[in-house]
Amino acid sequence: GESVGLHLPTLSVQEGDNSIINCAYSNSASDYFIWYKQESGKGPQFIIDIRSNMDKRQGQRVTVLLNKTVKHLSLQIAATQPGDSAVYFCAETPNDYKLSFGAGTTVTVRA
Amino acid sequence: DAGITQSPRHKVTETGTPVTLRCHQTENHRYMYWYRQDPGHGLRLIHYSYGVKDTDKGEVSDGYSVSRSKTEDFLLTLESATSSQTSVYFCAITDPGANVLTFGAGSRLTVL
Chain A
3 GESVGLHLPT LSVQEGDNSI INCAYSNSAS DYFIWYKQES GKGPQFIIDI
53 RSNMDKRQGQ RVTVLLNKTV KHLSLQIAAT QPGDSAVYFC AETPNDYKLS
103 FGAGTTVTVR A
Chain B
437 DAGITQSPRH KVTETGTPVT LRCHQTENHR YMYWYRQDPG HGLRLIHYSY
487 GVKDTDKGEV SDGYSVSRSK TEDFLLTLES ATSSQTSVYF CAITDPGANV
537 LTFGAGSRLT VL
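Sequence order for the protein chains is A and B.
If you use our numbering, the first sequence corresponds to residues 3 to 113, in order.
If you use our numbering, the second sequence corresponds to residues 437 to 548, in order.
Hint data in this document are derived by calculation from the structure and do not stem from the laboratory.
What you are looking at is a predicted structure, and each value in this text was computed from that prediction instead of being measured.
Some clues are possibly wrong.
[To be verified] Among the chain A residues that face chain B by a calculated CB cut under 8 Å, a handful are:
hint, residue
1, Ala81
2, Lys100
3, Gly106
[To be verified] Cut-off 27 Å, straight-line C-alpha distance, at most; resulting in silico cross-link-like pairs (BS3-like, lysine-lysine):
hint, chain 1, residue 1, chain 2, residue 2
4, A, Lys44, A, Lys70
5, A, Lys100, A, Lys58
6, A, Lys70, B, Lys506
7, B, Lys506, A, Lys44
C-beta atoms are modelled at their ideal positions from N, C-alpha and C, and glycine is treated no differently.
Bound conformation, chain A alone (with noise of 0.2 Å):
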């Protein structure tokens, strides 16, 4: 069946450098895609989204790309710092409000 996953499950990464998470999605039908950062013990929190109609967008040291052609999504986080810590998951959703996750990635890093 059509699921979202994440390319790797585990990234270290230097404090300072700049992290690349990766997410393959397989449901051409979604229209809409969102990441979240996990810490430990507690729920997963909205980082950032986009929209199938974008290609990139920005916020705060945190990149989301979208590859429709080959249904990748990645987040780039930039100076990576030791509270980036976490599980971060990709969110895909075909426009009925239920979301659909991959498995995760959980970043560490060092310092």
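Mind docking chain B on chain A? Use the hints.
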């Protein structure tokens, strides 16, 4: 967590016992969801509600039931808990047109 309260936050129970998890919101959002989170699976949708007494099944609904008698409360019931239902359960809310879900802090359930 944006006006969402889950209770209990932690529960240990035995196989075969009934369990009810509660999600309470103060945001007056119409849509409410229950997800479970397991290692390697991300978050999977159990049940959802688009309004009072309007509920439907998600992708992993077997063994679970829900009720929504008031806008602010969404209950998840395990009629007879099994070890495979050991998980962390998250409630989420949103409104029509908003798309982004806001999640509660989670309820960790252990079934022995």
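Results for each hint:
A distance limit of 8 Å between C-beta atoms decides the matter here; for Ala81/A the minimum to chain B is near 25 Å, and the interface restraint is violated. Annotation: interface hint on Lys100/A holds; nearest CB of chain B at approximately 6 Å, less than 8 Å. Of the supplied interface hints, the one on Gly106/A holds, with its beta-carbon coming within about 5 Å of a beta-carbon of chain B, less than 8 Å. Restraint check: the Cα-Cα separation between Lys44/A and Lys70/A comes to about 31 Å, which exceeds 27 Å; the hinted pair is violated.
Restraint check: the Cα-Cα separation between Lys100/A and Lys58/A comes to about 23 Å, which is no more than 27 Å; the hinted pair holds. Restraint check for Lys70/A and Lys506/B: the C-alpha separation of about 40 Å exceeds 27 Å, so the hint is violated. For the given pair, Lys506/B sits about 26 Å from Lys44/A by alpha-carbon distance, which is consistent with the 27 Å threshold.
Going through the hint list in order, the structure does not satisfy hints 1, 4 and 6.
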